[in-house]
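> Chains as they are written, first to last, in my numbering: chain F, 2 to 416; chain U, 77 to 502.
Mixed in with the good hints, there may be bad ones.
[Stated by the list, open to error] Taking beta-carbon pairs under 10 Å as the criterion, some of the chain F residues facing chain U (in silico):
{"no.": "1", "residue": "62"}
{"no.": "2", "residue": "94"}
{"no.": "3", "residue": "104"}
{"no.": "4", "residue": "131"}
{"no.": "5", "residue": "140"}
{"no.": "6", "residue": "230"}
{"no.": "7", "residue": "238"}
Worth flagging that the hints you see were computed from the coordinates, not collected in a lab.
Here the structure is a predicted model, which is why all the values come from computation and not from measurement.
Using N, Cα and C, we set each Cβ at its ideal position, and we do this for glycine too.
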Amino acid sequence: MASNLLFLTELMGMRVCDVKGRRLGRIRDACLAPRVDKVRIDQFLVGGEWNWWIARHDQISSISLDGIRLRDEQLVPYHDDVWTLRMARDLLDKQIIDAKGRKVVRVNDITFELNRAGDHDELWVLEVDVGMRSVVRRLCQGILPPRLVRRLMVRIAPNSIPWEFCNIIEPDPQRRLRLNIDLKGLEDIHPADLADIVEELSHEGREAVFETIDSEVAAETLSEVEDTKTQAAILESLDADRAADIVGEMSPDEAADVLAEMEESSSEAILEEMEAEEKTDVEELLGFDEKSAGGLMNSEFIAAPEGGTVADALRIVRENEEHVDTLTHVFLVDGDGRLTGSLPVGRLLLVEPTALLKPLAGADDVVSVPVAARHTRVAELVDKYNLMALPVVDEAGALVGVVTADDVISMLRQD
Amino acid sequence: MRLIDRLPRPLVVFFTVIGPGFITAMVDNDAGGIYTYSQAGAMFGYMLLWTLPPIALLLVVTQEMNARMGAVTGKGLSDLIREEFGLRTTFGLMALLVVANLTNVMANFAGVASALELFRVSRYVSVPLAAAAVWFLVVKGTYDSVEKIFLMACVTYIAYVIAAVLINPDWEASALASVRPVFSWDPAYVMLVVGLVGTSVAPWMQFYLQAAVVEKGITVKDYAESRIEVIVGCVVMIAVAFFIIVACAAGIWSHGPREITSATDAATALRPFGEYAYLLFSAGLLNASLFAASILPLSTAYSVCEGLGFESGVNKRFREAPVFYWLYTGLIVVGAAVVLVPGFPLVRMILLAQVVNGILLPFVLIFMLRLVNNAGLMREWTNSRFYNVIAWTAVVVLIGMTVILLGATLREMYFPNARAVIELTP
Chain F
2 MASNLLFLTE LMGMRVCDVK GRRLGRIRDA CLAPRVDKVR IDQFLVGGEW
52 NWWIARHDQI SSISLDGIRL RDEQLVPYHD DVWTLRMARD LLDKQIIDAK
102 GRKVVRVNDI TFELNRAGDH DELWVLEVDV GMRSVVRRLC QGILPPRLVR
152 RLMVRIAPNS IPWEFCNIIE PDPQRRLRLN IDLKGLEDIH PADLADIVEE
202 LSHEGREAVF ETIDSEVAAE TLSEVEDTKT QAAILESLDA DRAADIVGEM
252 SPDEAADVLA EMEESSSEAI LEEMEAEEKT DVEELLGFDE KSAGGLMNSE
302 FIAAPEGGTV ADALRIVREN EEHVDTLTHV FLVDGDGRLT GSLPVGRLLL
352 VEPTALLKPL AGADDVVSVP VAARHTRVAE LVDKYNLMAL PVVDEAGALV
402 GVVTADDVIS MLRQD
Chain U
77 MRLIDRLPRP LVVFFTVIGP GFITAMVDND AGGIYTYSQA GAMFGYMLLW
127 TLPPIALLLV VTQEMNARMG AVTGKGLSDL IREEFGLRTT FGLMALLVVA
177 NLTNVMANFA GVASALELFR VSRYVSVPLA AAAVWFLVVK GTYDSVEKIF
227 LMACVTYIAY VIAAVLINPD WEASALASVR PVFSWDPAYV MLVVGLVGTS
277 VAPWMQFYLQ AAVVEKGITV KDYAESRIEV IVGCVVMIAV AFFIIVACAA
327 GIWSHGPREI TSATDAATAL RPFGEYAYLL FSAGLLNASL FAASILPLST
377 AYSVCEGLGF ESGVNKRFRE APVFYWLYTG LIVVGAAVVL VPGFPLVRMI
427 LLAQVVNGIL LPFVLIFMLR LVNNAGLMRE WTNSRFYNVI AWTAVVVLIG
477 MTVILLGATL REMYFPNARA VIELTP
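The shape of chain F in the complex, shown without the other chains (with noise of 0.2 Å):
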């Protein structure tokens, strides 16, 4: 173990000494300043006789297993700073979110690095210990010497998250704000992955990510959260205009899944504060019965008149572009918005643009399926006809969405 590091579990109760080396007290936390600097701990708590002092970084002269040992001795009373994080009360113990290993980890001690700046030193967090050494280390602490311990140490496997991957979990949105809280690093997580990880959070947990990261991000995330009545219950915890901007980003039938397990007048506040567009997309897909083809359908699809060629074809996708991650088909209506045919994407692009619509079709009819339809009939269909899209029709034959073959497979998985 290079002689360079300290653990916040050898810290805590370290002692330290004045100028002339006269004991003033033993350290009780370590704080960091975010808005100051990343890592450099910035603060230390003195516990004297009577009450706490703070000595900044730069009163510090050496640290070192055998205790702190200050260059001026002019502290201040501590008292609680909001723009600080106090390691030991504030991450300790505490869970926290390992972006590199995509899990959420329990904190069982904080390993610094010990530096000489210039003529004095300073500590540098350097990785959040989990897993059995740390265990090990915290309970053998304070029983037995520091350096036995250490000697012990070697012989089980560390086990660490690097600083700049711990995504700390903080409540209170104004806190996390002064700390310098923005959960950047969980964007980069697959949202399944970190639906995942979300789904271990405690509640307050789950609304501190949920208010914090990209609401296009949050909306994949919702998407991939398990059971629906989570959903709902992530939901309500937030406040109504940025739940608003997350459903606004999920696609409308999972967002009418969503609203439709919350209680109304949730779900109406929510509604309230989305835009027009996207909420009659949802106020019609929150009409039909859940276990109803038209409960499991998405009412963005790209349909193409029939008697149109490729090149028009290839134009509205080209005008739909956001729905391209789960296009698959180009659905053909006559004028009266009715089904006539249906069109694999792939197909369009084996062609000339000139080409006709209607005959590349065939003549065969196009599998559909009422919106009353159960949702069996559904799941039926698409197994025997082997689709990645079922359109779904009204009483008049005309085309109003879409149920996909992960829809389903969802469906299934919920029964």
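Using the hints provided, position chain U relative to the given structure of chain F.
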């Protein structure tokens, strides 16, 4: 198609209503429960019935506190203890919990052994089979569907209600005994009282219930339903305990008080069923034992790993969560192996496990009370004064009884003849 879809409709409705609270209460009547209640009835007749109302009250209060903490914070009990009291305290408490739960796992494998020994199945066959079955059931993720079977099989407890009625017990005496406390310095009596509390309000339940509430995603909003379910579960559980004690008092104790030392003794209480008595007793005990043996090691491994910050979960691979899997496997293997030691006194050890529960309980309660009254954690959902009075009284009484038990046991060891004689007239 899943099992639940094939059930008749009323049963489906029943299973959608029941949740963590009811399941916890049903698991609570495990091998330890059945034997402790049987022993209480067989040795002391109706005399110990007075313990049931206060136990029921304590049970409702503690279970409700757990469900509330889970719903408000969304965190498990060991998580909360860790965050508020630090690693060292958590480690100490978890070590005690592992010991207590190991004795409970052992008790339930002993339950399996004794249930099947009625049919001359050697414990060297039944226990390893049961241990392997439990391990695979949980690790391979089939537990969820089997849980419904376990729950349904709990109707075998109705046998005790019927037996208690058929055997024509002294209802007047049992009603009177339910409200008239009797104190005795007899170590066997004190031990049974501690065991009764310990088996009914077992420490593992607090961890299991809160984790289950969090797992189910119950929030403050739907907490009211949860509370009703918790209360119903507790009442049903205590009712079962009441009928077991009455059936044993009328079926065994009235013919002369005796200590139950084997399944054959305990099954005597179901005598009105004639030749089916053994079958009913054995089926009920086997189901209860397997049910608890499936839940206990898992719940212990989860609590410990969450409290100490190790990865946990049956959906993780062995390499990802080694501590979790070792602990889980270890509890099953050791629990089962101890039962196979030649000459192992099954019933006595089952009862002893409940006493260990009773001794650990007040300490778990102290932590729970400090957490649930922490306004920073629970906001407006802290305990009412009524709750605190009941819970703190229980803590004081339980610690007092543990001290008495210790004193009585020591006196027994050094002055075997000084044992207090109590009247045991039917």
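> Does each hint hold? Answer for all of them.
Hints, one by one, checked against the model:
1. 62: It is violated, given that the least Cβ distance between residue 62 of chain F and chain U is near 31 Å, above 10 Å.
2. 94: holds (5 Å)
3. 104: Given a least distance of 7 Å, the restraint on residue 104 of chain F holds.
4. 131: holds (6 Å)
5. 140: This hint holds: residue 140 of chain F lies near chain U, its Cβ roughly 6 Å from the closest one there, short of 10 Å.
6. 230: holds (6 Å)
7. 238: holds (8 Å)
Figure legend: structure checked against the earlier numbered hints; the only hint not met is number 1.
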